[in-house]
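> Residues per chain, in single letters:
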Amino acid sequence: MPSVNVVNGKQIVVEDLGAAERAVRFLGKPFAQMWNHQDLIQAILRRELSERFKGSAAGWIWAVVAPLLAITVYSLAFTTNLKLPMADNAAGPKVGYALFIFSGIIVFNFWSEMAFRAPMLLHEYTHFIKQTIFPSDMLAVISTLRATLYTLISISVMLVFQVSVTGGLPWTVLLIPFTFIPFMAFLIGMSWFLCALGAFTRDAGYLMINIVPLFMFATPIFYPHGALPSPANFLIYINALTGYVEVMRDIVLLGKLPNPLVYLWTLFTSVFTFYFGYWFFDRYRNVIVDVI
Amino acid sequence: MSLSTSSDIVIQTRHLGKAYQLYARRSDWLKQVMLGWWKSYFKPFWVLRDIDLQVRRGESIGILGRNGCGKSTLLQVICGMTLPSHGELRVTGRIAPVLALGSTFDLELSGRENVMIGGAVLGLKRSEVLRKFSSIAEFAGIGDYMEQPVKHYSMGMRTRLAFAICAHVEAEILVVDEALAVGDVAFQRKCLDWIDNFRRSGTLLFVSHSMAEVRRLCTRAVWIEEGRIREEGDPSEVIRNYHRALMVEKDDVHRFSASG
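If you read the sequences in order, they're chains L and H.
Count the first sequence with our numbering and you get residues 1 to 292, in order.
Count the second sequence with our numbering and you get residues 1 to 260, in order.
Hints may be right or wrong, so weigh each one.
Each computed PhoX-like pair below joins lysine-lysine, with the alpha-carbon atoms no more than 25 Å apart [unchecked claim]:
#1 H/K43 <-> H/K132
#2 H/K125 <-> L/K130
#3 H/K31 <-> H/K43
#4 L/K256 <-> H/K43
#5 L/K29 <-> L/K130
#6 H/K151 <-> L/K130
#7 H/K43 <-> L/K54
#8 H/K151 <-> L/K54
#9 H/K132 <-> H/K151
Quick list of simulated restraints, FRET-style, between CB atoms [claimed, not checked]:
#10 H/E138 <-> L/L214: 55 to 61 Å
#11 L/H123 <-> H/S135: 53 to 59 Å
#12 H/W38 <-> L/D203: 16 to 22 Å
Quick caveat, the hints were computed from the structure, so don't treat them as lab data.
The beta carbon of each residue, even a glycine, is placed where N, CA and C say it ideally should be.
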């Protein structure tokens, strides 16, 4: 199988390479593509962001209002005398649980936005993919970047809320990038896989619509994973989201370093998903152009 | 012809072939993705076979052939839009594809926003697009419509804007696929004059059913039939033979069938 290499959008080479050379090129290719197409990524991202709030008077205020509303409702909803996990939290049980849920939901929402959108992603951009020299692999990157922006707004709202309630933040908050960036890579990889699959069959989209809500409960969002009985509290790590949720809570809410094994597991799922997704997308990209 | 080194060759294909995968049912696509390593669920339909083509810097190649002979696919493969199924391809230099003009526009966005995105798709930096914007607007000549959503444009206006973008990417290789048929005569002439001027410095691949245009613009003609190069050489001669063949050979209704 010959491999195509587009250098700087200037040079197109289809050639046969040795195994080692091919492996090196494969590992570097997603990053080379992102670097070479940074202006295109910027142009389309700009358009996607302006489109989201087009025709709305409040515009960007909505992006802040939504998470603010959510965390307010959680706080109010849990000011009952339920027996709640994390009752020993310094912030007091009620607000502690609200933050506990909110941190889980931030991670979950980031994931679910990508999972819902990815299968239809290539269909949204058919006109580009079929008619011009278009790096279709960058669409997954662009849509992840867009979702990243909203997630960052949510995280900011959470941190502000946490400061206003507890009067401070643990230093481990500074470690957020170390879990956030692998999570982005995980989502980009997942989007590559899902959007390639979605190009072949619309079933991928319907499947995600049914599966995503179930993951709300298959992920420890409303309960700590430690509350599960013995085999389940280990098996739940098969759901890769569990690790990210746990690391996020450790460093933001509890102010402690995450369990190194859990952290390594999230790194592994991140790198594996990123490259598996890219491999899958790359393998079928020439067929995708023809079938979409 | 003067001696040429290999660096003069901007497009080189060797035994290039392209097969589309024809599926009987839509679900076979998915089976192919999941189980493709085990057996194949499609019929290959070879649109290009064994294309050996060398294009030197500064050449203008006219590509002739009947509908469905594979000329558009050849251009798409050379532009890197779709991968060849077989063979080698090497293209050196920035390509501007003038194919299906205007169909890449986002109808909801204004002409200006489409210029920004279209320029980026063709490989321009944001600063470059901004710098060239007034020149693009002038070439397109659509006036105040630039700020309107593209959905309010006529076909001709879309073509004008799309060609104006392509004309400003400073391409080294221009690939034109009978795209100019939509514009009015004055605009067509403007585009042809621009292409004529471009030929002095760049390389041109040109598909047209207008033999007069091919004769005027091209230094070499390639006649493609059923995915193979049937004849290649001096434009007047190839055009003469092509015409003669068109007279003799009838329009075959079965030529798009995969079997045979």
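> Give a verdict on every hint.
Status of the hints after comparison with the structure:
1. H/K43 <-> H/K132: Status violated; Cα separation ~47 Å.
2. H/K125 <-> L/K130: holds, 22 Å
3. H/K31 <-> H/K43: It holds: about 14 Å lies between the C-alpha atoms, which stays within 25 Å.
4. L/K256 <-> H/K43: violated, 59 Å
5. L/K29 <-> L/K130: holds, 22 Å
6. H/K151 <-> L/K130: Distance of about 20 Å is within 25 Å: holds.
7. H/K43 <-> L/K54: Cα-Cα ~45 Å, so violated.
8. H/K151 <-> L/K54: holds, 16 Å
9. H/K132 <-> H/K151: Holds, because 24 Å separates the two Cα atoms, which is no more than 25 Å.
10. H/E138 <-> L/L214: 55 to 61 Å: holds, 57 Å
11. L/H123 <-> H/S135: 53 to 59 Å: Between L/H123 and H/S135, where Cβ atoms are some 35 Å apart, the hint is violated.
12. H/W38 <-> L/D203: 16 to 22 Å: holds, 20 Å
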